[in-house]
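A.B. asks: Here are the chains, one letter per residue:
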Amino acid sequence: MNTFNATMASIDDKQTTQVNKNQDRIIEVRGLHTQYGDNTVHQNLNLSVYYGEVLTLVGSSGSGKTTLLRQMLGLETPKYGTVKVFGRSRFDCDYKFLKSIHNRSGVLFQNGALFSALSVYDNVALPLRELYTLNESMIRDLVMFKLAMVAIDAEHVNKMPADLSGGMVKRVALARALALDPELLFLDEPTAGLDPELSESFVELILTLRIEMKLTVIMITHDLNTLAALSDRIAVLADQHVVTTGSLKEICRHHHPFVQSFFKTVINQAKTDNNP
Amino acid sequence: MAASNPPTPSSAYYRLVSENETTRLILIGTYTLATLEQHLSILTTEFAAYAQKKTLCWDLTEIEQMDATGAVLLWQTWNKKRPEHLLLRPEQENIFKRLEKLPSPPELAHRNFWQPLMTLGSSALSLWSHLIDTVILIGQLFIDIKFLITHPRRIPWREISANLYRTGAQALGITALVGFLIGIVLSYLSSEQLQMFGADIFIVDILGISIIRELGPMLAAILVAGRSGSSMTAQLGVMRVTQELDALTVMGIPHSQRLVLPKIIGLGIAMPLLVIWTSAAALMGGMIAAQLQLGLSYQYFFSALPDAVPIANLWLGLSKGIVCGMVIALIACHFGLRIKPNTESLGEGTTRSVVTAITVVIIIDALFAIVFSDVGLM
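Read top to bottom, the protein sequences are chains A and B. Position 9, counted from 1, in the first sequence is what this note's numbering calls 106; the numbers after and before it change by one each time, with no gaps. Position 57, counted from 1, in the second sequence is what this note's numbering calls 817; the numbers after and before it change by one each time, with no gaps.
Hints were generated in silico from the structure; no laboratory data involved. Some hints could be false.
Keeping only pairs whose Cα atoms sit at most 20 Å apart, straight-line, the calculated EDC-like set for lysine to aspartate or glutamate is [said to hold, decoys possible]:
# : chain 1 : residue 1 : chain 2 : residue 2
1 : B       : Lys841    : A       : Asp121
2 : B       : Lys1100   : A       : Asp260
3 : B       : Lys861    : A       : Glu252
On the chain B side, residues computed to face chain A include the following (Cβ under 7 Å) [to be verified]:
#  : residue
4  : Ile802
5  : Glu806
6  : Asp827
7  : Ala828
8  : Val832
9  : Gln836
10 : Pro863
11 : Asn1102
12 : Glu1104
13 : Val1120
14 : Ile1122
15 : Ala1126
For each residue, glycine too, the CB sits at the ideal point set by N, CA and C.
For reference, chain B alone in the conformation it holds in the complex:
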């Protein structure tokens, strides 16, 4: 291509001819994007200088090939009107006719003075519509459950089982790893403090209560909200984009019954199991760290644990798991069903779903802490 040996613009693109008092600027060569690309700025300035001369005759008839870019380049240097003396070929005439009729793009709406207030109002309205939609979804789920109780053959067992596997079984690795590491960290830090007071054996109480009652359920819930919540939202969102949701609707299969309910039930079952699993891994990590740091034997740890932690804490942790699991799935599905069929909405919906789920999980935890403040603590 021309790139290897760029000709100087003035010789390759035009020449000046003076005859009988008139000066003609004869344009030659190819005026296409591919060839013009490298000389664009030079040509623009050179042509702008020629465009100042009113008597100059622009002769375009010798141009070998001209595309829209070439035409627009000339059009811009002529300040969007034809020069007084212009020679064109018929097909070039067509291009310039079209350029003359070119509408300008409509201006985008300017920033309104009331913009901040309107943003506040619209976000309040959107929060309201989220609440309404959630209530509608929950109501629909109760209707579905009532329907399924009277028609037990329609219970979507396969979907529930698939969700159980995807959100539960496949999350075992990551929850165990995170739980184990947090257990080690917690044990190391606490044991250092306890050693100062010579209260080594209370490490069992600290680890037992904090992990079983608080950390296990929270770690599992936050990990699952990030891991399974996002994938549920994205799945429903993509189903909207690919019109799969519409296909289900026209087949008379309700989204809530086939897509939402199995996810909520699946995660409602998987979450408490994950909570036990995470707590166990964290206690394991704590126990190992305690043995290394304080020389506390495993046998002692195991035998002291039931005495240190009232069984109510376990039930509290498990019920937190059930509630959080169902809420995470509900939020994920709610945001998934609201996604509009475009990519930006998909990304935004998934982000919001995860952020909301994690926030709500922590709010639920706080509520549990207040309501059950007298339960399970000695």
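Pulled out of the complex, with its shape left as it was, chain A reads as follows:
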């Protein structure tokens, strides 16, 4: 009975930390400054991402969205400023924490970035095998489970990435990004290059996954439909920093020229709705 009480107490403990975490920031970018030669990309950029939300980064091309994403992923180091992921700085932390970041986050690159030397199955199995704790039969079930999740049929499992269509490459890449059941998912242009029907099903897929897996999603997209369907919050990158963040409605009220032109159709739609 004693152990039972102890376990209950430990669960209570966990639940409270869970609640605290919910108000916490999963990613915190402070005072970011990035420069390539004479070209300043970011200047004093601040951004927070909270647990469980879908945040979309928008900005004109060359505004440094992808650079910001790469810095969050640890692929690039900024000149000044900090990027904190799961509460600790990404750029000076020990190996163990870095490994846990890698296991707790998944990335869908713009062109999929599937390993062209590996089959679809091995691509998804790779992150699972790299843990060195799961046995092959578990890996097989997990891989097939993830592939079923993104609606890839068993007949495509042994194909090479070069033999897949663009939409399938994206879905397999998503399955690979989700292989470790990450808490944090980065999507770089998830619907670019997909036809409207496919991109709609992709959006639905991410919506269901979000509910099933309690994901936090950071997304770059230029597709207004994807953006409106998925995002809880939008961060607008312009003039080398985050101009504004908020829901789609809040953003549309902002008078920055980029916002006004980017969300033109949404704003016009709202106007006609108000004055029929």
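Based on these hints, arrange chain B on the given structure of chain A.
C.D. replies: Showing chain B alone in chain A's frame:
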């Protein structure tokens, strides 16, 4: 995280409750990959023992959080079917429904009994297709040359010049270094032998003939095949991967005219010059070694060289250089254009290109040796 203080699996993941003759196994805690990772093997064996009991009721409703890994762990211990007594929450029901419908991956093709024979056949066919492709490429190049002669304004001078710089000028350092060192080695070894017979002065003949006729062209060709051949193949291969070749095609710019021909002409010009350069460096090395070892003065070496080496050897070396240069570029481009848009094909193509180029260079050298066996030797 949990890593600092791992709880014992039995207390953190489940508890047994017996009430009115039925025993319930209540699973608790988080069944996610991150938390399960360290306890996976212990939990698997413990659950396997419980799975033996048919009357046991599995209660999953108190699990805090379960992801695919947790579900698959249970699914495997239940031998891929639901236990007779199972309590699930609706969202867990979804996961297990999906697991029930899970297809197994199709088996990879087994090793065929005829596999060795088929491998032999397919490699013969691939050799045939390589030959056909090379002939087509050469034919296309002749068509291009004919076109360029009638349209001289279209001759890709800039590309030729760029290739000349990249394959010729930038290779000067490495060819000189290798040539110089080989010259020293050759001179030292030969002079020791010659000293035994008191035939010191023949070092000039040995170095002159062997370097100008044979070693200079071969060293330069092998170095260039490794250095420029690989980069040409890789360049064309990456252009295939990034669809640059397709972009050129749709603009109506033929690959052979803009990419292949300038490389072949460029290397055809650069190679003989590199041959002279390498031979000169090797002779220099040999001369220095001969002076140190045999006390042969530089003046004597220079004055004896023209008498020892008939001028035909120089032309032979130069023509070897032209032929080898053009063949290396042709082979490199042929393999580059055959690369498929994936990384493995790129690596394989580059390796094959270099190996083939070096082999063909040595075959060409052997052919020259046979055909010109009476030329330039006294």
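A.B. asks: Hints first: check each against the structure and report whether it holds.
C.D. replies: Hints and how they fare:
1. Taking the CA atoms of Lys841 of chain B and Asp121 of chain A, the gap is near 40 Å; set against the 20 Å cutoff, the hint is violated.
2. Straight-line distance between C-alpha atoms of Lys1100 of chain B and Asp260 of chain A comes to about 11 Å, which keeps the hinted pair within the 20 Å bound.
3. With a CA separation close to 15 Å, the supplied pair Lys861 of chain B and Glu252 of chain A stays within the 20 Å bound.
4. For Ile802 of chain B, the interface hint is violated, since its Cβ never comes within 7 Å of a Cβ in chain A; the closest pair sits about 12 Å apart.
5. At about 15 Å, the closest approach between the beta carbon of Glu806 of chain B and any beta carbon in chain A exceeds 7 Å, and the interface hint on this residue is violated.
6. The interface hint given for Asp827 of chain B is met, as the beta carbon of that residue sits about 4 Å from the closest beta carbon of chain A, less than 7 Å.
7. Of the supplied interface hints, the one on Ala828 of chain B holds, with its beta-carbon coming within about 5 Å of a beta-carbon of chain A, less than 7 Å.
8. Contact between Val832 of chain B and chain A, as hinted, is supported at the beta carbon level, the nearest pair being about 5 Å apart and thus within 7 Å.
9. Residue-level restraint check for Gln836 of chain B holds (minimum Cβ-Cβ distance to chain A is 6 Å; threshold 7 Å).
10. A hinted interface residue such as Pro863 of chain B counts as satisfied when its beta carbon comes closer than 7 Å to some beta carbon of chain A; here the least separation is about 4 Å, so the hint holds.
11. With a cut of 7 Å, the hint placing Asn1102 of chain B at the interface with chain A holds, because the nearest CB-to-CB distance is about 3 Å.
12. Because the closest C-beta pair between Glu1104 of chain B and chain A is about 4 Å apart, less than 7 Å, the hint holds.
13. Contact between Val1120 of chain B and chain A, as hinted, is not supported at the beta carbon level, the nearest pair being about 28 Å apart and thus beyond 7 Å.
14. Hint status for Ile1122 of chain B relative to chain A: violated, with the closest Cβ pair at about 31 Å, above 7 Å.
15. A distance limit of 7 Å between C-beta atoms decides the matter here; for Ala1126 of chain B the minimum to chain A is near 37 Å, and the interface restraint is violated.
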